[in-house]
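2 protein chains.
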Amino acid sequence: MIGERVPMVDAYERITGTIDYAQNLTLPGMLYARILRSAHAHARVIRVDASKALAAPGVVAVLTGADLAADPGLKPWFGPFIKDRAPLAIDKARYVGDPVAIVAAETDDQACDAVELIEVEYEVLPAVFDIEGALAPGAPLLHPGKRHLESFRPDIVARQPGLEDTNVIHVYKLRRGDIEAGFAEAEVVVERTYTTPGVAHVPFETHNAVADYKGGKMTIWSSIQAPSSCGAYVAGILRMNISDVRVIVSTLGGGYGGKIDPMCEPLAAILARRTRRPVRVSLTRAEEFVTAGKHPSRIRIRSGVMRDGTLVAHEADVYYDGGSYSLNTPEKIYRGYASTGPYRVPNIHVDSYGVYTNTLPASAFRGYGIPQVAWAHEQQMDAIAEALGMDPLALRLKNVLQPGDQFSTGETIAENLHYSELLRDAAEHIGWAWPPAPRGPGAGTVTGTAAGASAGAGARVRGKGLAAIIKGTASYGANAVVKLNADGSLNVLTSTVEMGQGALTVLAQIAAHEATLPLSGVRVSTPDTANTPFDQMTAASRSTNFMGRAIRRAVKSVKQQLIDLAASQLEAAAGDLEIQDGAVVVKGSPGRRLTFAQIVTTSKVGSLVGSGHEPVKVKLDVETGQGVASPQWHPAICGAEVEVDQETGKVTVLQLHMGLYPGRMINPIHCELQVLGASLFGVGQTLFEELVWDEQGVLTNPNLSDYMIPSFLDVPRAFGQTMIEIPDSIDVHGLGETPLPAVAPAIANAVAQALGVRVVDLPLTPERVLRLIHERDRGAPGGGRGAGAGGASTSGKEASA
Amino acid sequence: MIGERVPMVDAYERITGTIDYAQNLTLPGMLYARILRSAHAHARVIRVDASKALAAPGVVAVLTGADLAADPGLKPWFGPFIKDRAPLAIDKARYVGDPVAIVAAETDDQACDAVELIEVEYEVLPAVFDIEGALAPGAPLLHPGKRHLESFRPDIVARQPGLEDTNVIHVYKLRRGDIEAGFAEAEVVVERTYTTPGVAHVPFETHNAVADYKGGKMTIWSSIQAPSSCGAYVAGILRMNISDVRVIVSTLGGGYGGKIDPMCEPLAAILARRTRRPVRVSLTRAEEFVTAGKHPSRIRIRSGVMRDGTLVAHEADVYYDGGSYSLNTPEKIYRGYASTGPYRVPNIHVDSYGVYTNTLPASAFRGYGIPQVAWAHEQQMDAIAEALGMDPLALRLKNVLQPGDQFSTGETIAENLHYSELLRDAAEHIGWAWPPAPRGPGAGTVTGTAAGASAGAGARVRGKGLAAIIKGTASYGANAVVKLNADGSLNVLTSTVEMGQGALTVLAQIAAHEATLPLSGVRVSTPDTANTPFDQMTAASRSTNFMGRAIRRAVKSVKQQLIDLAASQLEAAAGDLEIQDGAVVVKGSPGRRLTFAQIVTTSKVGSLVGSGHEPVKVKLDVETGQGVASPQWHPAICGAEVEVDQETGKVTVLQLHMGLYPGRMINPIHCELQVLGASLFGVGQTLFEELVWDEQGVLTNPNLSDYMIPSFLDVPRAFGQTMIEIPDSIDVHGLGETPLPAVAPAIANAVAQALGVRVVDLPLTPERVLRLIHERDRGAPGGGRGAGAGGASTSGKEASA
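Chains as they are written, first to last, in my numbering: chain U, 1 to 801; chain S, 1 to 801.
Incorrect hints may appear among the rest.
Since the list gives no way to pick out one identical chain from another, each pair is judged satisfied if it fits inside one copy or across any two copies.
[Unchecked claim] Below 30 angstroms or equal to it, Euclidean Cα-Cα: the simulated BS3-like pairs (lysine-lysine) are:
1) LYS619 x LYS146
2) LYS617 x LYS556
3) LYS559 x LYS604
4) LYS173 x LYS604
5) LYS559 x LYS617
6) LYS604 x LYS556
7) LYS52 x LYS619
8) LYS217 x LYS556
9) LYS173 x LYS83
10) LYS559 x LYS217
11) LYS146 x LYS604
In case anyone wonders, no lab produced these hints; they're calculated from the structure. Note that the structure is a prediction, hence the values are computed from the model and not measured.
Same shape as in the complex, but just chain U:
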């Protein structure tokens, strides 16, 4: 089963449109709820008058933040790390789109109409919309005195004195070696600042949930990536036990990290308990755009290197803009540890900040903080190479992590992550040469190799770029239960969410392999948190690996039970038995065997149950950021070739070649599609995806006309991938996110090679590229020729070296 290219188990339903998305669920007597959202970026909610709405046809209930605060049955503040959010704004609205009130009515139209009748009196407050504004002295505070807010995960969110009355959510500090000595030793110093914007997840299915409250039990059907955690949040908010909150997830129409945090579930649950009716909360596409996004970032890196290219010092200030509520920001900022990239650096000093601004809450987003630092560190590597006059490939090969090297966190990367192989392979695939052969205008053919160097405005020029990234993952709370039935078939119970990635298929392959059963003999359940064991979330490219391991442990437990039962049934010693093809066999006597079905039936047990857990292995020191940051590391390489039209500024990606180390591919189809999908996500974010707010904090492009995602026309003209596998193993490295972070810097490095100017702010829109070309051609500062000379401020240290 391992390595088989089997189709998805739900392929027929996907094709015929008959999957039971939560979005399609209706229950008898169900109410429809619609949300009133703040029109102000920062405003005290003085009074909400819902009387007209309550009198409107079909309206059953209206709920405001004041109602939440006044209800002793609720504990409305919640959050995965810091409890700074409520289902409805209680004291203040903190961004344009912040939920202020909700109406439940007999029909959706009635709910929509009634929302318009709610009158809110606000006291408008000054607001901040970006990192700089949030950190400026005297900036308006989103959560003044926020350190009084309860921390849900004190292991992550340690108290940090002095930050109470700032907009800083939390700081992660990494201290390694002697940073002063490192820079003193360095012969060249390069310092630059890179930024990334807010981006939307754009799942096909918007956030939605239906809640029903009966018999003291809350049942929630939801489109959520973290059903177990969602159940715990809802239980906390409604002062219920986790055992009484059941979250059922069928299949998601996309998630990408944006569906980890409960957005509709608490509201649906509170309304369901109040009205004793099932309640649906479902977001419009416009609401989806103001519900969760990717963290904008600003990252300053100062690198100290020797003339031979050896990295000796890395200093970085990493700022993640968490928006109005902290969500996972307190933990995401730990990704500052990867601002070094996948390189050996002996002396490191990183401060990584999460910051509140009056924008939509930033959540997890495919890549979880790594795309931001990768955008910085991989352009920084090219900038260093430029400063040294060195081949960027050679610079990377010189410094990239080898087995046994220590990562920035001090942990030894024992495993061969194959960086050197994959870098050389990607370089070869894109026809990398150093120095780049002079290249002329190209006609967009992919097969052409070295063409010409950058030419004057109006001509199309080409360039090539490389990037290497490192990404960790999360193992918290991966549990599985398996049930072997009387016919020898196996049910697998997990809270892993199928969201298009093929989890139901791949986990079944792993279970079938471990159980020595055909794939048809295994069925993986979808999450139902009353019945399926805890799993933190389906995210972090973790499920195939960690849930797969938990499943294998659970199956091993059942195999041991089978052997113990068969030992008495076969009158043999357990040690003389082994498992083969769904049967227990006496070693060396293939005729003496009992099938699983025979063993279960004979024992009259009915079914055999086993459970498995994959333990957490992560621990970082609060003071130094040193320790173990991830149970496993995922490498990715991207080689890119681009063509830039210097007349329009349009960047065309001619070729992408991805290099990955999936360990073993359980299902190569899924792996290849994950790599392609994540790479296209990367192309969109590189070239055009960006949430744009006006001066009032109003999102100007909350729709799919003004906010573009990649279409078939944006697929690179050539796309390749190299996968290095561990043969004959089932050691899995997650792939769902890994390709993404490498794409943008590789393309930017290629653009820099083509144009001789560097874009340090994403995305590479034609306007931005054209402006740089104009600056370059005017000889403006930072507009000089040669990769590494464009963009943000840079300081050489040649003089002092």
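Given the structure of chain U, go ahead and fit chain S onto it with the hints provided.
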């Protein structure tokens, strides 16, 4: 938690009518199916023409037995012990009401209309409607050559040569001691024959199921008492894996044994897979009456006794009328072992037969074969007492099983079942006296003690009677899984069905007790066979005991995991730790403790899972019927006082006093209501419940006007119960069925005492009683004065003794 009178966890939903019965489920796109049933008791199906039905408005599919037989994707013959039934009659219809075809249509009305359009050509065959007819030489055979039918449970249904071409389904033989020697030794021999009729279960909610087929997975929402077994049947019929068939059961509106066998589920599933639409199959009340019933019985007992009352020989022929399909008859006939009653008998010879007749299939029914034998053996005891001139109470006390005695099956009843105490107690409660004081006509007051002996016709006379019964139970496949959540709350996963008996509440109490948690900290799931482990069925008064034990084992496993985790967290040896009130505590250092929530959270495991199984302990020898018939024995005593109106024949139950040994009552409210409910079931079956067929095999009373169940007016004027508990234990004896079998013989014994004639055929309708009174008063045979002289043939052996 143990012994607490907590209300049912779903009390609010019961009162407000908001429980999610399967009957109320509708799914988008759902089809409605209706069944065409045979109008003939026995007929070969020559041809079914469904063309007009298929052309009717809204009809999506019509299915016939021929379709089932022709479909290579199906294996239509199924059954719990012998596979002699198909979802639709394939070769022959075997009773009036046998499903012949089914229509699925867009609306229920369309399905009902289309059923009328199906044309069936039958070859009508001779039929048999009772045990005598079925066993008569040359009787028409329902399943000729039936021994070729596959046996699903060869451990139960051993081959019995010579029965292939008879209507005998199966025979259970019990041989103990030396029956010849026993009768040779006996000083008195009493022989009588007793009969019971067919009876309906009459659940408020009729049988129904909705099936949906998606992604190779069948989901069935059903009102069934045995979801795990149902899943296995459906998997077998549709040639699917058990892992791919999910049976979901919310709450049943009553079951009483009639919902153990799948009646709607296979049809719904086959139609759902054919149409790729959800399909509902739901029975009308009239259909419910022809779907499953209680086994009619005829039981001849010949007892050999010494003049001092010592029982020395017991010979019985026990016939259970299984109707047209065997269902659980092959195993139910084993209850012939209880035809001795709860008495020591050294020499036993029992042949217990299951017989096919052209009537509705007889299924499990509250008491599972014991009410039939109890009706016989407890009247037989009074007949013996009469023959000996002995106090029936004294006769029972002399022979009743004491701890250490051997039961008919040879197994030692080690446990004190408290028969003597309970018999004396019931006798005292009803004012038992021997010889009975002369009693005159009563006015229906309950408090009156000894009144008068039987008087002439036209007067109301009173009598008192006693009965003692013994009932076994079943332990097959009781499994539980528990999940401890991060807040210390506990989910309990079982396939036990809530059907009004309070399983969700009582199992939660047991789990809470074992886990040292408050009841509010425990939630028991309803069955979902993809996720909940196998359980044979919710029946046989087994769930509180055996599922309770499985749950306790599962909780113990989690407790051990908690101790192991806490040992490292508290830096203590596991042996020094104990569990108290939801925490792990260092023995002797109450301050050193961690709550379950702290342990789960600190360990980052997310949830802890444990599983538990209660093993099967039953095994009977095929030749002798000796061995262990039940993992546990349940006693019941009934004391009854009746008044009989000799003018109308009407019997009024003045008083019932039940004596039971529940072990420990987990929830006394539930126990008391179970005893009351089962006793009222007994009153109905004693006085008026009876399925009546005409000569063509047509049921004449398939409705609640002509088939009466007890109303409030039938509740005894006084009702009491004595429960002997084991203090400070959690040893449970099931109660759901136990009281029922004792009621009818106690009332009949009281009627015999009042009238001086004995009714040996149930029910005691006024017509039947009046006829006996008339016979008595005419001095007809068997109509003489004195209990034990009336009814069936009786032979004394005084002469030969």
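Taking 30 angstroms as the upper bound on the Cα-Cα distance, should LYS173 and LYS604 be classified as within, between, both, or neither?
-> The answer is between: 23 angstroms across copies meets 30 angstroms, while 58 angstroms in one copy does not.
Checking LYS559 and LYS217: alpha-carbon separation at most 30 angstroms within a copy, between copies, both or neither?
-> Close across copies (25 angstroms), not inside one copy (35 angstroms); limit 30 angstroms.
Under a CA distance limit of 30 angstroms, which applies to LYS604 and LYS556: within one copy, between copies, both, or neither?
-> both (21 angstroms within a copy, 22 angstroms between copies)
Indicate which option fits the pair LYS617, LYS556 if close means a Cα-Cα distance not exceeding 30 angstroms: within, between, both or neither.
-> For LYS617 and LYS556, both the intra-copy (21 angstroms) and inter-copy (27 angstroms) Cα distances are at most 30 angstroms.
From the Cα coordinates, with 30 angstroms as the cut-off, is the pair LYS52 and LYS619 best called within, between, both, or neither?
-> For LYS52 and LYS619, the Cα distance exceeds 30 angstroms both inside one copy (54 angstroms) and across copies (72 angstroms).
At 30 angstroms max between alpha carbons, let me know whether LYS559 reaches LYS604 within a copy, between copies, both or neither.
-> Both ways: LYS559 and LYS604 sit 17 angstroms apart in one copy and 26 angstroms across, limit 30 angstroms.
Evaluate LYS146 and LYS604 at a C-alpha cut-off of 30 angstroms and name the case that applies: within, between, both or neither.
-> between (59 angstroms within a copy, 26 angstroms between copies)
Alpha-carbon proximity context of LYS619 and LYS146, limit 30 angstroms = within (26 angstroms within a copy, 68 angstroms between copies)
Alpha-carbon proximity between LYS559 and LYS617, which holds within one copy, between copies, both or neither at 30 angstroms | Both: 26 angstroms inside a copy, 24 angstroms across copies.
Alpha-carbon proximity context of LYS217 and LYS556, limit 30 angstroms | Result: close only across copies, 25 angstroms inter versus 34 angstroms intra.
At 30 angstroms max between alpha carbons, let me know whether LYS173 reaches LYS83 within a copy, between copies, both or neither.
-> Classified as within: same-chain Cα gap 22 angstroms, cross-chain 70 angstroms, threshold 30 angstroms.
Of the hints listed earlier, the one the structure fails to meet is number 7.
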